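*Asks:* Each chain, written out:
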Amino acid sequence: MNAQAYNFAYLDEQTKRMIRRAILKGLAIPGYQVPFASREMPMPYGWGTGGVQVTAACLVPEDKLKVIDQGADDTTNAVSIRKFFEKTAGVEVTEATGEASLIQTRHRIPEQDLSKDQILVYQVPIPEPLRFLEPRETETRKMHELEEYGLMHVKLYEDISRHGEISTSYAYPVKVEGRYIMDPSPIPKFDNPKLSDSSAIQLFGAGREQRIYALPPYTDVQSLDFEDYPFEVSKAPHDCDLCGAKDTYLDEVITDDAGSRMYVCSDTDFCSTRRQNGHVGRLGTPVSSEVA
Amino acid sequence: MNMHKTAGGGFKDAPVEAARSFRILMNAMARPGSISQLDAIEPPDPLSPAAGTALLTLADPTTPVFLAGAADTETARNWVAFHIGAPIIEPSDLRSFAGRGRPPGEVFAVGAWADLRGHLEALPIGRPDYPDRSATLIADLPTIANSGAKLSGPGIRAIEALSLPETEVFQENNARFPLGFDVFFTSGSLVAALPRSTRVEAA
Ligand SMILES: [Zn+2]
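Sequence order for the protein chains is B and C.
First residue of the first sequence: 11, per the numbering used here; consecutive thereafter.
First residue of the second sequence: 1235, per the numbering used here; consecutive thereafter.
These aren't lab readings, by the way, just hints derived from the structure by calculation.
Fair warning: this is a prediction, and the values are worked out from it, not measured in the lab.
Watch out, some of these pointers could steer you wrong.
Subject to a maximum C-alpha distance of 35 angstroms in a straight line, what follows is the list of computed DSBU-like cross-link-like pairs (lysine-lysine) [to be verified]: (1) B:K185 x C:K1384; (2) B:K126 x C:K1246; (3) B:K152 x C:K1384; (4) B:K74 x C:K1246; (5) C:K1246 x B:K93; (6) B:K97 x C:K1246; (7) B:K256 x B:K126; (8) B:K126 x C:K1384.
Full structure from sequences and hints, please.
*Replies:* Here it is, written out as structure tokens:
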């Protein structure tokens, strides 16, 4: 590594200051989207440049960074972002949720409860939860200003009348401290309860849309629902086939050409830690008998 | 004397010291009432190490700085000009801002709380559609301790106590949420934050 070739954490000082100021205002106004001047990053937008910029503005050399993509540490996206910060910020990296001081994530919240010494940074593609109702930014801003959230409720209720339940299963909208409606990024709604009252700081960065928003620890975050149709976390009627966990978010994996399938924890660190601790699922084998 | 303090009032290793200082400020803002040590630099009197470090970490040529009362000295102005490059807001500008409606954008207002107190009406509190375009106060107090006024709200598990200089003005600031200003209280090398989202009760 040639440290001289890079600014610390890639971005120049003025850009980091601008992002840092946006983060502070985001924390002071939980759930409100703060505009910021997003910079070009040496990776495509779909790879989470908003999250990367927030992470760059937060990192200190003492950090231990974990990056997950859909719960996994080993996807191309997660590996590249981890390497990027190893190189530009000189930070240590880890796959263990409990060891990380800063976790950047795409589409999942780790199963393990986060601690007060951790920061969770979300990669956000579309930060505006009202965008599908109203394409104009000036109008959605006005709706947030006036708390005109009736249309959002109407849309959810229409969903119920069509499907018998709310069919939105990702990016399920939430209300923060009874004020702002917020997009939690495309996490499964299974993860929504973990947004609320977390011990960790949660930061959200949208690169292409140039927005940062935040949830301080112990912030009240409620998934939108109705008295007759309360919010429910849907869960597949399976246990993890590898570690036997009954209460995790599962990925369905096709295992052969005949279409056999298995269900495994989407949080790979959580699953492997359980297996190392001796838990075995329906199709799993004890860890010690596996070829390393 | 702490060895890491830099003579001349700037960061010695700006990228790393600014990053560490920001993390302290972020944790403070995310956990209202929690008190941390912040003293990467030694700014000129009468600015405290915590106030100087906060300003150097967050302000730059895009964010006007208002030096209130006793903080408005020639050395302080020179320090802001040399190390931060931020435009200084004159007290007379502040008054004219108030006359024409509050100015847009983020500004930093720095000084003893007693000196800032009289200027609150003139500081920006954001617009209803852009509440983030608001002032951040860096307000020096003789002491800071976890006693006194009771704080609750986002970032606080149950109740936190903080030795606020008064309570009513912060209750009013919270009542107009999402508009409002946000405060970093500083004293010597200590910092604690009070964002607009925090509910305040007199002890
Ligand atoms: Zn599992």
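*Asks:* So, for every hint listed, does it hold in this structure?
*Replies:* Results of checking the hints against the structure:
Distance hint between K185 (chain B) and K1384 (chain C) is fulfilled; the C-alpha atoms sit about 25 angstroms from each other, no more than 35 angstroms. Only pairs whose Cα atoms come within 35 angstroms are accepted, and K126 (chain B) paired with K1246 (chain C) is accepted, the gap being roughly 30 angstroms. Among the hinted pairs, K152 (chain B) with K1384 (chain C) is consistent with the structure: their alpha-carbon atoms are about 34 angstroms apart, no more than 35 angstroms. Taking the CA atoms of K74 (chain B) and K1246 (chain C), the gap is near 24 angstroms; set against the 35 angstroms cutoff, the hint holds.
At roughly 27 angstroms between alpha-carbon atoms, K1246 (chain C) and K93 (chain B) fall within 35 angstroms of each other, so this suggested pair holds. The suggested pairing of K97 (chain B) with K1246 (chain C) holds, with an alpha-carbon distance near 22 angstroms, which does not exceed 35 angstroms. For the suggested pair K256 (chain B) and K126 (chain B), the alpha carbons sit about 26 angstroms apart, so the restraint of at most 35 angstroms is met. Straight-line distance between C-alpha atoms of K126 (chain B) and K1384 (chain C) comes to about 21 angstroms, which keeps the hinted pair within the 35 angstroms bound.
Hint compliance for this structure: no hint is broken.
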